[in-house]
Amino acid sequence: ASIIRIASWCVPRTSRVMWRQQWDAELMHRWQHRRSPSDPTKPVVRGVVLWSLGAFNHAWYLFKTEFTMDLIWQDFKYGFRSLRNGPGLVAVAIVSLGLGIGANATIFSAVDVIMLRPLPYPEADRLQVIHTTNEGRGWTDVSPSVPDYLDFRRESQAMDITAAHANSFNLAGDGAPERLVGRAVSSNFFRVIGVSPARGRGFLPDEEQSGNGDVVVIADGLWHRRFGADENIIGQSVQLDGRARTVVGVMPPRFWFGDPDVEVWLPLTVTGEEARNSHFLELYGRVRDGFTTNQAGQELRAIARQLAEAYPETSKGNGATIISLQGDLFDEDFRMGSLIASVAVAFVLLIACANVANLLLTRAAGRTREVALRGALGAGRSRIVRQFLVESLIIASLGGVLGVGLSVVGIRGLVSLMPAWFPRIDEITLDGRVLLFAAMISVLTGVVFGLAPALQSSKPNLTDTLKEGGRGGTGNSGHRLRRALVVGEVSLALVLLVSSALLVQGFAKLRLADLGFDDSDVYSMRMTLSEAEYSDSISVNQFWETLDSRLTALPGISAIGATTNLPLRGGSGTFYTIPGEALEGERRPVASFRHIYPGYFEALDIPLLRGRTIETRDRTGAGSVVLINEAFAERHWPDGDPVGQFVELSSGNREIIGVVANTRDQSADNTQTPTMFLSVLQANRRSLAWVMETTASIETLAGAALSAVADLDPNLPPYNLMTMRASMDEIIGGAAIMAKIMAVLAGIALVLAIGGVYGVMAYTVSQRTQELGIRMALGAKTGDVVSLVVRQGTTLGLIGIAVGLGIGLVVTRSLSSFLFGVSPFDPITFGTVALVLLVAALAASYFPARRATKVDPVTALRRE
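Read in order, the letters of the sequence shown correspond to residues -14 to 849 in the numbering used here.
Treat the hints as calculated values from the structure; they're not laboratory data. Where a beta carbon is used, it is the ideal one built from N, C-alpha and C, also for glycine. Please note: incorrect hints may appear among the correct ones.
[Claimed, not checked] Computed beta-carbon distance windows for the label pairs:
| id | residue 1 | residue 2 | range |
| --- | --- | --- | --- |
| 1 | Pro812 | Trp406 | 34 to 44 Å |
| 2 | Glu530 | Pro812 | 50 to 60 Å |
| 3 | Leu101 | Phe810 | 31 to 41 Å |
| 4 | Gln221 | Thr254 | 20 to 30 Å |
| 5 | Gly73 | Ala711 | 44 to 54 Å |
| 6 | Asp110 | Gln527 | 49 to 59 Å |
| 7 | Leu823 | His150 | 55 to 65 Å |
| 8 | Leu773 | Asp811 | 33 to 43 Å |
| 9 | Glu516 | Asp110 | 34 to 44 Å |
| 10 | Gly390 | Pro105 | 22 to 32 Å |
Using the sequences provided together with the hints, build the complete structure.
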């Protein structure tokens, strides 16, 4: 029936009435026989359905009796002609909506990719990530070990389980050497993920055995960039980390998994000697047909309990948990950021709708005589409502077109804020889904902001209005609703401004916080030596020492050192004991550790508090040493001197030779993690990040450093070349993204709110020209008139600020995870934003009032 009704728009009225009568008869017949024993449908359900259809049918008939294509065309023609009478107001409305719709389309383009679209794998909802847990150790999502993976894969009946391990490789051969991001994966990896190589094959089970894995699968991008899309690439040999590997497959274009930068996949070789307490693998599982995710999780937890009982020395208390691949890839921070941004742009759109509705309400108040005349000439209420809605939809459509145009710029700007490693960043674009979303919210907003003026204007008092003669509307119609909309605009703008101010403050404090080191004049680069070419610690240390001497000799270098992990880029943890110190409970304490090359602390200006730093004499064959930070010393020797004490690690006892100041090595928050620093020269560390304190320009130093490395090993590609400051900005990029997005949205909200107040006050003043003229003719001074108008606008602003402060106290609580060193209830921020909005409301009210006082009272009294 609904389809027939919609189709009947384009047929003559006689046919529509006939169809309606036939359908009413059919409904009555079915209603009377709804309890027929032969009818299999339940009587109550059938009755409700038929009653609903009948109600819809009658409502449709009442509203659409005169709704033909000719009348629709008339409504649109009259709508365009009517809107031309107020071009300024219409332009403000279109721009307001364009900003709101453009902001929403921009954020939706990212939220759609992150939260709504399934991952690009077959039945992606069945892909799960497996983590090891241990309540006693505080583990919630620790990587499993190789033996645990083998046991899970063998015992699990509900899931196909595969493993991967992140790595990177040096690619040598024709052309300049490159550092490639890669992954070592088990032989069933591509089958479990559900994506096979576009050319060639994946890995065979035998290639998981040590010595049989000299094969590689490459990405489509690498195939095009490095090998010119050679059709004969399968079977060719490439040099990765000094070893020749045969290309057996090429992945499809745009394929990625976990990290978009991965370009090579190698077999994950298993020797059988891996330790069960060495947790470093990424485990993924696909739930098999016939099983649910809950069943798969319960089975894995049962297997983990069995392993904990079988291997208590390494696995006591260990459990397992699974999380969807989508949820693991886009974690809680992603989801919370998406939610905050979505709510923020919804606020912007609501402000824009309130702005436009206010303008149209004020405009409609001046059209009461026109509406009364149309009603007196026979126009029904539905026809008047439809006319106003058509005008609203015209404005919304034009605003939507403008919004789509603005979203093109907005999406480019949003993508430019995101780091290159951001998952699915290349999918964030203006596509059909975004256009459909923009069209939907354009229509929705057209109805939302057009409904109030349409209903308000559709029920005029014809006698009173026509008796007003030539005075026209006074602008008092719907004044309460207009004031409520202004209050809503101001309150929502305050919430966005407060949220933005807090996020910007948090980012500023995060970036300017004392991290414990100086990154202002430091340049960094990372290098990784291949095991094939540097097989023992002697050759490794010899290379590092030679490189150190070459880099130190470069002009402008004042200090140089190296580390396995740069600050804020995480690190490794290890169990340890202090000889002679009793353990608290059964668990040994855990501390972070990293290896450093002599000169590291000097290059970053990290103060030495006691003892000495690691030097070149601390090498293989000398006594094992360790340097600790202040937090480690305070944990065990709060009132004593740790220098000369020993720390027992799995590699043996190490003497503490010094204490350095705390640095935020793990993250930028306030937590000072107990940390140990070991000597690179006492460990076989092939991957180091070098830090160079320099007075030379970065461009000069970078070229010289690359030349120095090339002279030592032309097949060794330095990578991650950047200033330390750029490295810090890259790490804290998430906070920067949220701060910048909210700042832009808050700016739009402020402009819309000010524009809304100004537009309403200006149009209201223009409608009150006669009244103000009478006041001035009766002796009112200019200041009195200005004060009258400003007081009204300021009162609305104050009410909106009060409401906004209440909402803001609730909303800002959700921002806590994005704030650094800033309270979500900071009174200075709330007070400053409230003052800014109050001043804006004063200005938005003052200028229309001031302009009204310049009108000659005689002219105002003569004005129709």
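Status of each hint after checking the structure:
1. At roughly 38 Å, the beta carbons of Pro812 and Trp406 sit within the given window of 34 to 44 Å.
2. At about 57 Å, the beta-carbon gap between Glu530 and Pro812 stays in the expected band of 50 to 60 Å.
3. Distance hint check for Leu101 and Phe810: the Cβ-Cβ separation is about 33 Å, which falls inside the suggested range of 31 to 41 Å.
4. Separated by about 22 Å at the C-beta atoms, Gln221 and Thr254 satisfy the suggested range of 20 to 30 Å.
5. Gly73 and Ala711 have their C-beta atoms about 47 Å apart, which keeps the hinted 44 to 54 Å range intact.
6. Here the CB-CB span from Asp110 to Gln527 is close to 52 Å, well matched to the stated 49 to 59 Å.
7. The given range of 55 to 65 Å is respected by Leu823 and His150, whose C-beta atoms sit roughly 58 Å from each other.
8. As the Cβ distance of Leu773 to Asp811 is approximately 36 Å, the hint placing it in 33 to 43 Å holds.
9. Distance hint for Glu516 and Asp110: a CB-CB separation of about 40 Å, consistent with the stated range 34 to 44 Å.
10. Range check, Gly390 to Pro105: Cβ separation about 29 Å, and the 22 to 32 Å hint holds.
The structure shown violates none of the earlier numbered hints.
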